[in-house]
Amino acid sequence: MQHTLTIARRQFRAYFDGPVAYIVVCTALLILGAFFWNTFFLFGRATAREMFNFLPIIMILGAPAMTMNLLAEEKRTGTIELLATMPIRDSAIIVGKFLGVLGLYAVMLALTLTYPYSVARLGDLDWGPVITGYLGLLLQGGAMLALGLLASSWTQNQIVAYFVGASLCFGFWIIDRFIVFMPAGVASVFEWLSFDYHFQSMARGVIDTRDVIYFLSVIGLSLGLAFRSLESRRWS
Amino acid sequence: MHEAMIEATGLSKRYGEAYALRDVSFRVNKGEVLGFLGPNGAGKTTTMKLLTCFMAPSAGTARVNGCDIGSDSLGARAAIGYLPESTPLYTEMLVNDYLEFAGQMRGLKGHPLVKAMRRVIEQASLGDVLGKSIGQLSKGYRQRVGLAQALIHEPPILILDEPMSGLDPNQAVEIRDVIRDIGKERTVILSTHNLAEVQVTCGRVLIIAKGRLVADDTPDTLQARAGQVLLEVEVLSEGTNATALESLLASLPSMRQVQVSADKEAGLLRAVLTPAAGHDGAGHAARAAVFRAVSGAGLTLVGLRQLQGSLEQVFRELTLSGPQSSTAPKAQSATDIGEAETIDAASSDDAEDR
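If you read the protein sequences in the order shown, they are chains S and Z. With the numbering used here as the guide, the letters of the first sequence map in order to residues 1 to 236. With the numbering used here as the guide, the letters of the second sequence map in order to residues 1 to 354.
It is possible that part of the hints are untrue.
Taking lysine-lysine pairs in the DSS-like style, the calculated list, with each CA pair at most 30 Å apart, reads [as the list claims (entries may be wrong)]:
# : chain 1 : residue 1 : chain 2 : residue 2
1 : Z       : Lys132    : Z       : Lys30
2 : Z       : Lys139    : Z       : Lys184
3 : Z       : Lys210    : S       : Lys75
4 : Z       : Lys109    : S       : Lys75
5 : S       : Lys75     : Z       : Lys184
6 : S       : Lys75     : Z       : Lys139
I should point out that these hints are in silico values taken from the structure, not numbers from a laboratory. Since this is a predicted model, take the numbers as computed values, not measurements.
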């Protein structure tokens, strides 16, 4: 556990030693701000719903940018060899890396709090759905980051990791938009698999344990597969 | 009986159909500095990756500090400090932060961590660069950071994959001194191409070729296998000529063969003598006889040195020999031996200077 946190801390700090953290966070905040205030003044509604609709789309592109280097770069430069020969389990590497990038995402989320805060100053904001929405954002973002980490574990090339990660995130986000073309049984499965389906209820202020469990399962499964992928070097 | 720190039995590693390593067994005792020699792709790095538990062997096993690399890999890893090939480090980190991270990963914290950091910073002379990011450092300094992280938990075993490669001669000597220092109290395995390095640093050599272990011996014994020691004599050419010198030296009973060449520019005659059977070129008797013969004839002796059969020769013989291609490598090694001799003449020069 100690080692996991050490890895997480190093990873978190590494983001701020390089440009990645600043670029991703600033871009996300700028885009979000533009869309958010547009709708705010257009419709004159004191709500954070618009933000909850846009942030997942931004994260489809942003999450893989945060995660693409996590394992791909370590494999390319060979630093993974030092890390994986420390007396720690491979799972500590995966979980540590995930917590590190989750920390960066949490910083980004914390900065977006300025938007609902401003709204609350201007109008009468209902904080309930905002809080559940943020929990939803954290879970959904976490699932996207876990998928990105998984993609990063498959390759040594960051660009490949980015596009595979972005495709996975996009796939999970859009999967329920196709259900119109599908037989009912398959459609409900696809709907259930979709990020958006589980996120929307949280954005409306409802916390359903099934939604929480869904996101935690996606995270767990992705990290488990990434662990397998990292471990596979031993027998390849 | 010495305590075995590393004991490998029948280690094999297969990538698909091809064997990178085939049935390699060896042991390394406490306090030994073991050199791992072999051409590129021979399996040195693979062996190291198996011992450090980065990869699992296809067959065979090894015990590191008493821990099996398969069933107790965490125990084995805890006993090892590892410097992988080409020193992969987090280039964006500051040296100080990196060492702290390495220490924490080894379970150090608080005061012991600070103490350990201070110790390795001194051992690797990193005091001047602590605040720099690793990416800014020269290759030599990077190598030292790599060594420092490998030493931070005072491991009983150090595994260094080509610690000297890519360094200029000054840096190489510095790193070599650090390694020799470490080797006094720890077990060290290092791989290298540099044979001179092995002779200076290592107490024992493993030569590996095409995934198989082909030699396991001390550098001196291996060198002895390269054949006898020759003598090189230099005489001022004033008052004599090549033929006269040749007949003079050939008359010595201890010499079997004499080859004289004239260096007109330097005004020297140079003779290479092969000791006769039963006479040892390494002993001083042979050299004394040469001196007496030359000075007795009224000539001026200006150089007398031993040309040793080199580790290079053994290395080539062992690693190039294959049942199907016995002619080609031989032709090659014949020309290479010439080079090897000049290298050795130079190094024995150094020895004389000291």
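What are the numbers of the hints the structure violates, in ascending order?
The structure conflicts with hints 1, 5, although it agrees with all the remaining ones.
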